[in-house]
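Chemist: Listed here are the chains, written in short residue letters.
2 protein chains.
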Amino acid sequence: MTREFMIRPDPSAPNLSTAVTGRDQDGNPVETRVVTEKPLTLFLNRQEIVTMMTIGDHPDLLAVGYLLNQNMLKRGDTISAIDHDEDLGVIVVRTPAETNYEAKLQKKVRTSGCAQGTVFGDVIDSFEGVKLASNSRLKTSWLYALTRKINTAPSLYLEAGAIHGCVLCEEDRPLVYMEDVGRHNAVDKVAGWMFRENEPADNKIFYTTGRLTSEMVIKTVMMGIPILVSRSGFTAWGVELARKSGLTLIGRARGKRFIVLSGEERIEFDADTGYEPDEDHKHRRKGSRDD
Amino acid sequence: MTREFMIRPDPSAPNLSTAVTGRDQDGNPVETRVVTEKPLTLFLNRQEIVTMMTIGDHPDLLAVGYLLNQNMLKRGDTISAIDHDEDLGVIVVRTPAETNYEAKLQKKVRTSGCAQGTVFGDVIDSFEGVKLASNSRLKTSWLYALTRKINTAPSLYLEAGAIHGCVLCEEDRPLVYMEDVGRHNAVDKVAGWMFRENEPADNKIFYTTGRLTSEMVIKTVMMGIPILVSRSGFTAWGVELARKSGLTLIGRARGKRFIVLSGEERIEFDADTGYEPDEDHKHRRKGSRDD
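Just so you know, the sequences run in chain order P and S.
Taken in order, the first sequence gives residues 7 to 297; the numbers are from the working numbering.
Taken in order, the second sequence gives residues 7 to 297; the numbers are from the working numbering.
Bound conformation, chain P alone:
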């Protein structure tokens, strides 16, 4: 059974983009499509966590993925309910018992107020505990097939711009392609999906349009995915963390070109880089400076 594009963007969905009118450089009226975003406030049981801006297509996956990637929920935890009030823009993720995070927060709050800093420290601790699968492989022929399939898939990006995407892949097949105004939201939605489907991470390749920053590397590692690819660039700490954790990190992947700065032992250079056509101009994506 070969799975492909189980979830993919639906640029025609009416609630995800809208038309607006303005003027161009010559003062002429012009109509253009822009993505819609709405605030979503996330609660873990009775604990208010954060308000996020999202296009609103998978609020449940975003909520769970966010909590997982912030280490507020663990992979072994049980979720008893997810209550979404679309009008209020509120989503509540419920667990049968108070989570470790809530207990720790209560304690921190009694001693020193809000616990924002705790989150960062917890995430780093969790990151350092992850062991990525060493035997996963990435053939460069798969890489080229993936980027071609992803760049040509209909998307809100091609339709309306100003949006980020990330794609969970297996070999040369994109499986789950999520978009959102915030790059981290797109990543969290994938994490939420993997949790819901109990999907293994060992054999996956994660593709993002965003830059390979420390935060991006940390999330990928915490999701247990051993290979991360982007058409964008790197930060030094992103590279350092990738090397520390053994993540395979490939950036500036455009057409047949790329740079691997970590974990190159997983890569099988099977594609003939002399014969791969450069990206055709119509589907070429601009490089991303994103956050």
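Hints listed in this document are in silico derivations from the structure and should not be mistaken for laboratory results.
Please note that the accuracy of each hint is not assured.
One copy or any two copies: either way a pair holds, since identical chains are not told apart in the list.
[As the list claims (entries may be wrong)] Keeping only pairs whose Cα atoms sit at most 25 Å apart, straight-line, the calculated DSS-like set for lysine-lysine is:
#: 1; residue 1: Lys250; residue 2: Lys137
#: 2; residue 1: Lys137; residue 2: Lys44
#: 3; residue 1: Lys137; residue 2: Lys80
#: 4; residue 1: Lys44; residue 2: Lys250
Using the hints, position chain S against chain P.
Modeler: Positioned in the frame of chain P, the structure of chain S alone reads:
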């Protein structure tokens, strides 16, 4: 006195980027430069606020600008000290008396735990209270001059990629050009600079490489700047908030082309769009999908 580029990126500064080695698509060794980022934990008096990733060039301006743009500090507040411990990656902004934000936080904490959601509500309230200067102008000839000067200025972006920039401008002159791994950090640094210099906002133009999302529009309005320009695209709520607040919002500004979706009454179409040369290829910046 015509001021120009009072602050600008210094791509040669040793602590802002570093060289790393990896392999390219043919398996050949390759060396490339990447930007460095480090965590900075911000305190407001004894209240821990957030940990941010930053290139670390203006921690004091980032700290103050963050607090202002999150409405935790008001424009009339006095800062008694800013203590930065570079080794620990901690910066403390001190005020003579407890701020309103801290008082509100203590109250919220006693009733319901962490106050993350309060921040969002406060920001929106503050945003709605701003009245932008209606008589500020943007000549399209200035716009073209600005983008040309900004795109050709030496920068970490041109040097190492994967970074965001924003520039505070006056007429056709860039004044303060800040970069950072997080686009919002670059914006906050400008806000911090304006606060320190007691710089008026009414006659300013704000240029960003990032997308014109609701958060970007909100920050610009809260900084009191009436004109916002980006080479990137828009989100629907960004456009809506711009129209609500009367902000002049110009996006997809590349070469001689742009779209204005709000506040076009401030724009004077004085440039002859037929004769403006397209951006030369060397200095062309890729469009941004950033967050």
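Chemist: Quick one: lysine 44 to lysine 250, C-alpha cut-off 25 Å, is that within a copy, between copies, both, or neither?
Modeler: between (37 Å within a copy, 16 Å between copies)
Chemist: Tell me, please, which holds for lysine 137 and lysine 44 at an alpha-carbon limit of 25 Å: within, between, both or neither?
Modeler: between (36 Å within a copy, 24 Å between copies)
Chemist: For lysine 250 and lysine 137, with the copy left unspecified, which applies at a CA distance of at most 25 Å: within, between, both, or neither?
Modeler: Intra 10 Å, inter 50 Å, cutoff 25 Å: intra-copy only.
Chemist: Which holds for lysine 137 with lysine 80 at a C-alpha limit of 25 Å: within a copy, between copies, both or neither?
Modeler: within (16 Å within a copy, 46 Å between copies)
Hint violations for this structure: none, all hints satisfied.
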